[in-house]
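Visitor: Sequence:
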Amino acid sequence: MATLTIASALCMCAAGGITASADALYAAYPEAADFTKKAVFTALSDFTADGENYAFADGRTINVLSEGNLTVYEADKTVARLEYGGSALYYADETGAVYDLKNAAASFTMPEIKTDFKTGEYSRYDLLGDVIKYTDLQNDTVTALEGNFSALKQYGDTLYAIKGNEVCKISGTDVLPFSAELEYFYDCAAEHGVNIGDTAEKLKDYSLKFVTLQAGAYRTEIDLKALDGEKFVLKGATEKLDKNVSALLLCYTGNAAIVSVGDSAYITLNDPSFLNETEIDCYTEAEFKTATVTGNRIYASPYVIIGTSALFPATGAVVKVLHKLEPKGVLGSVFYEVEYTDGEQTKKGYVSDGFLTEYIFDDKEPTEHPDPMHSDKNDIKTVLLILLIVILVLAAAAYLLFIGVPRRGKRNKDKDKQ
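0 is the number of the first residue of the sequence shown in numbering that gives the first Met the number 0; add one for each residue after it.
In case anyone wonders, no lab produced these hints; they're calculated from the structure.
Just so we're clear, the structure is a prediction, and the values are computed from it rather than from any experiment.
One thing to keep in mind: the hints can contain errors.
In silico DSS-like cross-links for lysine-lysine, where the CA-CA straight-line distance does not exceed 25 Å [what the hints assert, rightly or not]:
id : residue 1 : residue 2
1  : Lys208    : Lys319
2  : Lys208    : Lys168
3  : Lys230    : Lys201
4  : Lys113    : Lys208
5  : Lys347    : Lys327
6  : Lys239    : Lys208
7  : Lys117    : Lys208
8  : Lys113    : Lys152
9  : Lys168    : Lys132
10 : Lys230    : Lys36
11 : Lys152    : Lys37
12 : Lys113    : Lys168
13 : Lys224    : Lys346
14 : Lys234    : Lys203
15 : Lys152    : Lys208
16 : Lys208    : Lys346
Computed spacing ranges between beta-carbons, pair by pair [claimed, not checked]:
id : residue 1 : residue 2 : range
17 : Asn138    : Gly192    : 56 to 66 Å
18 : Gly192    : Gly50     : 46 to 56 Å
19 : Asn52     : Glu120    : 25 to 35 Å
20 : Asn52     : Ser170    : 18 to 28 Å
21 : Ser86     : Lys168    : 16 to 26 Å
22 : Glu200    : Tyr83     : 47 to 57 Å
23 : Lys37     : Lys319    : 50 to 60 Å
24 : Ala96     : Val232    : 42 to 52 Å
25 : Lys239    : Lys319    : 36 to 46 Å
26 : Asn52     : Asp241    : 14 to 24 Å
27 : Thr289    : Thr35     : 48 to 58 Å
28 : Thr157    : Lys327    : 40 to 50 Å
29 : Val232    : Thr289    : 34 to 44 Å
Cβ coordinates follow ideal geometry from the N, Cα and C atoms, glycine included.
When you get a sec, could you build the whole thing from the sequences and use the hints?
Guide: See the structure below:
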């Protein structure tokens, strides 16, 4: 019983060289051509197709190419034949036993091997041993195609055959390489990593810019909160854009550009074929001209991470509000562009909505203006006068209480008379 395991496509094909600079002092993003590789085989025995899906048997591996991606399966026996049945792929070993890619033994029956094909009205091909004979039925001529061929197959109106360790297309007497369908996406950014270089410093050296990433550009999501290593921490696989995308430019570094869309940051190749600076009308008039910062930081760009922090601590700083920036599908939230003072320098930065107040806090002690007629003697006289008044009031209250309360002897005499 054969068992199949998915293996990395990167291990099965020769690694391609990356043309971007590997100098660790600079960020280095792969060139566009580095993301495309061509499948290379060493013991190609069979192939099959199902629409845009192609499968190739190479010794004990099955290479499946679909929509520009390569998935490699590994069997514990040599794969002799491949065939699609419905949407499932099956293989047979050298004994003829059939298996599928998920289970072990399969009940699928491999079709009989065909060695003769007719294309069009006047073309016939016959695989005789390792020779293909082409017959022009209109002119009644026979031509032997040069090469050691095997696995002659027809899909649609196209005839294919294996020649050595390559798949070829056959048209008339021409044997053409089957190349485009063998190319697949290779995430060399994830495989080799991307140098951080001087990104941390460049994130603080900023002026507001927007860019358009062109369709066909590659971008890799990165974690800008982790810039203390040599390589970027990748948050996702590299993707190839199928349409233009607007983004906020955070900085240029090395051969790359760091951009953001909403709360996600990406690194991409700084190439005019794939990236262009553009203008986005995101300015609106702010509700106030001067404000106090209630948050703890002012940022160098409208992208909030410690790496873009330009002033800390910033709580209580009084700033001049220049503009209000609305998201427009690019920024993660509303920001205010402010002018602030850092030491003796006047700089421009950004504060997220909700961390500014129009109220200007005045934390200075009130200035005292002494009375020129004031003296300590006057204060003593005032205190003595107040004490004298208090004593007189208390004495009067005690006298009234005394005369208002009848004596006990008098109360007894009155009682006897009654």
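Visitor: The structure should be examined with respect to each hint, and the outcome stated for every one.
Guide: Hint by hint, here is what the structure shows:
| no. | hint | verdict |
| --- | --- | --- |
| 1 | Lys208 / Lys319 | holds (21 Å) |
| 2 | Lys208 / Lys168 | violated (49 Å) |
| 3 | Lys230 / Lys201 | holds (16 Å) |
| 4 | Lys113 / Lys208 | violated (62 Å) |
| 5 | Lys347 / Lys327 | holds (21 Å) |
| 6 | Lys239 / Lys208 | holds (23 Å) |
| 7 | Lys117 / Lys208 | violated (61 Å) |
| 8 | Lys113 / Lys152 | holds (8 Å) |
| 9 | Lys168 / Lys132 | holds (15 Å) |
| 10 | Lys230 / Lys36 | holds (23 Å) |
| 11 | Lys152 / Lys37 | holds (22 Å) |
| 12 | Lys113 / Lys168 | holds (17 Å) |
| 13 | Lys224 / Lys346 | holds (24 Å) |
| 14 | Lys234 / Lys203 | holds (22 Å) |
| 15 | Lys152 / Lys208 | violated (55 Å) |
| 16 | Lys208 / Lys346 | holds (17 Å) |
| 17 | Asn138 / Gly192: 56 to 66 Å | holds (60 Å) |
| 18 | Gly192 / Gly50: 46 to 56 Å | violated (35 Å) |
| 19 | Asn52 / Glu120: 25 to 35 Å | holds (30 Å) |
| 20 | Asn52 / Ser170: 18 to 28 Å | holds (22 Å) |
| 21 | Ser86 / Lys168: 16 to 26 Å | holds (24 Å) |
| 22 | Glu200 / Tyr83: 47 to 57 Å | holds (54 Å) |
| 23 | Lys37 / Lys319: 50 to 60 Å | holds (58 Å) |
| 24 | Ala96 / Val232: 42 to 52 Å | holds (46 Å) |
| 25 | Lys239 / Lys319: 36 to 46 Å | holds (43 Å) |
| 26 | Asn52 / Asp241: 14 to 24 Å | holds (20 Å) |
| 27 | Thr289 / Thr35: 48 to 58 Å | holds (54 Å) |
| 28 | Thr157 / Lys327: 40 to 50 Å | holds (48 Å) |
| 29 | Val232 / Thr289: 34 to 44 Å | holds (40 Å) |
In summary, the structure is inconsistent with hints 2, 4, 7, 15 and 18 from the numbered list given earlier, while agreeing with the others.
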